[in-house]
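Student: Letter by letter, the chains look like this.
Number of protein chains: 2
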Amino acid sequence: MSPTQFNLAVKEIRDDRQHGASELARRALAILAEAARTLPVADVRRLRERLAELTVELATTRPSMAPLRNLLYRWRDGLAAIDAGMELALARVAAAEQAEALIAASRQAVADCAAQAAELLGSRRTVMTHSFSSTVVEACRLLKDRELRMIVTEARPLEEGRKLAERLAAWSVPTTYITDAQMGLFVAQVDAVLIGADSVLADGAVINKAGSYLLALAARDRGVPFYVCCESFKWRGADEPMPDLEEMAASELDVPDWPMVTVRNVYFDLTPTRLVSAWITETGVRWPAAEP
Amino acid sequence: MSPTQFNLAVKEIRDDRQHGASELARRALAILAEAARTLPVADVRRLRERLAELTVELATTRPSMAPLRNLLYRWRDGLAAIDAGMELALARVAAAEQAEALIAASRQAVADCAAQAAELLGSRRTVMTHSFSSTVVEACRLLKDRELRMIVTEARPLEEGRKLAERLAAWSVPTTYITDAQMGLFVAQVDAVLIGADSVLADGAVINKAGSYLLALAARDRGVPFYVCCESFKWRGADEPMPDLEEMAASELDVPDWPMVTVRNVYFDLTPTRLVSAWITETGVRWPAAEP
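As they're listed, the protein sequences go chains A and B. By the count of our numbering, the first sequence reaches residue 380 at its end, each step adding exactly one. By the count of our numbering, the second sequence reaches residue 380 at its end, each step adding exactly one.
Okay, chain A solo, but in the shape it has when bound:
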């Protein structure tokens, strides 16, 4: 893997609007596995150094996405266990295999998380979600033959809701498709809201697609439970500051270039802890601590 190829791969992850945080973290690990196997270096010490540098570069491409940071830094920390005296070819294999093991662990965590969500929700439920989350999709797959009904949002500007509606249609799940602005009208009709997350802060506040905070407010106002479903790789440590909320190109809103008008396209918003009814991870359901 040449520096040019690596830079191209970084750019692809930075510009990606189609995949969620976990999926991009696994792609980044796959890139690093490839780099471990093919980087032009002379010895193991240099391999570890270069891989550590590339890890930092990849981990900081998408600040709103915790798994990128969590999975990649876990891998980097694992590199330290590769003995500098090891044969280079073997060290390459060991580093790549560690990345692949983390990819598998991430996949398993998402699957377990969706299973926990499906168990919590149960049969014959009407569930609302916002935007597109792979974990929520997997939970829907597990419930598709258990009389699940879904209400899904468009999710402007790129309308990931279309992809979700298409998937649910293919599974014959009765689905209602609405604009983001109609969330407040329809939330009263559901048994629960289930969303994914790009990151969860140490206090439980949730970074997810813009509009999630509005949906959480409406759910609370209508007495509907608001569940956040994501694997623990998405949780940030208490020492990690709140990340910048990523902003994408204004051109995605596809409006004219009016003078004096600034078009904003912030992709994520922050739903405060107090609006979350429960957090679902691969190990189970975490309910809020009782009021003191």
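Worth flagging that the hints you see were computed from the coordinates, not collected in a lab. Be a bit skeptical, because a hint or two may be false.
Identical copies carry no separate label here, and so any pair may be met within one copy or between two of them.
Said to hold, decoys possible - With a straight-line Cα cutoff of 20 Å, these simulated EDC-like cross-link-like pairs (lysine to aspartate or glutamate) come out: (1) LYS251 <-> GLU226; (2) LYS251 <-> ASP345; (3) LYS251 <-> GLU340; (4) LYS232 <-> ASP279; (5) LYS251 <-> GLU111; (6) LYS99 <-> GLU122; (7) LYS99 <-> GLU335; (8) LYS232 <-> GLU207; (9) LYS99 <-> GLU334; (10) LYS99 <-> GLU111.
Here the structure of chain A is known, so what remains is to put chain B in place on it, guided by the hints.
Tutor: Chain B only, in chain A's frame:
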């Protein structure tokens, strides 16, 4: 005016997505003035009867829009004062002039209402709105040289926010344009939210473009005042039931015809009284009653 011409005019009002409730009510009055002048009838009694029938037909075309009902029924009630013994030509003129007087009163009420809003807001304010309201536009015009800044929403599906952004750009008002889903992110940056209304229920609950309820929730959560600005013709009586919230064609969302997926396009939502900081009408500002 032939029945065919009248039916065409009714259909235009029913299908109109470009104009607000007050403007459509004035158009309906103009249609009735024309009908008063030209309906083929033999005497004054028959003229009054036919006009009363046409009034009911027009008044019920847009159930979410209170002014249509309020202005038209006020006009119909005025017809009773036209003496059956009056010469037909004079009766026609009297009925048409009453409609034109109500049109003028409606225009004046909107202008006065906007003036009240501008006075309440004052200079150097950043104000957020949702969708397009003629009254809010007029308030912006009054404040455009007083360091007003605006944050406006796209307002899916037809994106009336574009028309508003264009208008504000022409007035050189610094404006931020966002998707509806970003309302929760940006409301914390403003001094106040100002929206129009299609109707206000007797208890003060507000029927306005879908998404207004979400914005009201976010404003309350962030401690930002949420003002509703509309003339008293938009208020419903205590005896009037909550109207159906109008739903428009699903095709406006422009998505494929997926099996099992129902596309919903409800245009209006209901913001409960408890989320409104104050109602601005042509006569002044009405604050909520103090808690008992």
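Student: Are the hints correct? Go through all of them and say.
Tutor: Hint by hint, here is what the structure shows:
no.	hint	result
1	LYS251 <-> GLU226	within (14 Å within a copy, 40 Å between copies)
2	LYS251 <-> ASP345	between (29 Å within a copy, 13 Å between copies)
3	LYS251 <-> GLU340	both (17 Å within a copy, 18 Å between copies)
4	LYS232 <-> ASP279	within (16 Å within a copy, 46 Å between copies)
5	LYS251 <-> GLU111	within (16 Å within a copy, 39 Å between copies)
6	LYS99 <-> GLU122	within (16 Å within a copy, 64 Å between copies)
7	LYS99 <-> GLU335	within (16 Å within a copy, 43 Å between copies)
8	LYS232 <-> GLU207	within (13 Å within a copy, 55 Å between copies)
9	LYS99 <-> GLU334	within (15 Å within a copy, 46 Å between copies)
10	LYS99 <-> GLU111	within (15 Å within a copy, 50 Å between copies)
This entry satisfies every hint, going by the numbered hints stated previously.
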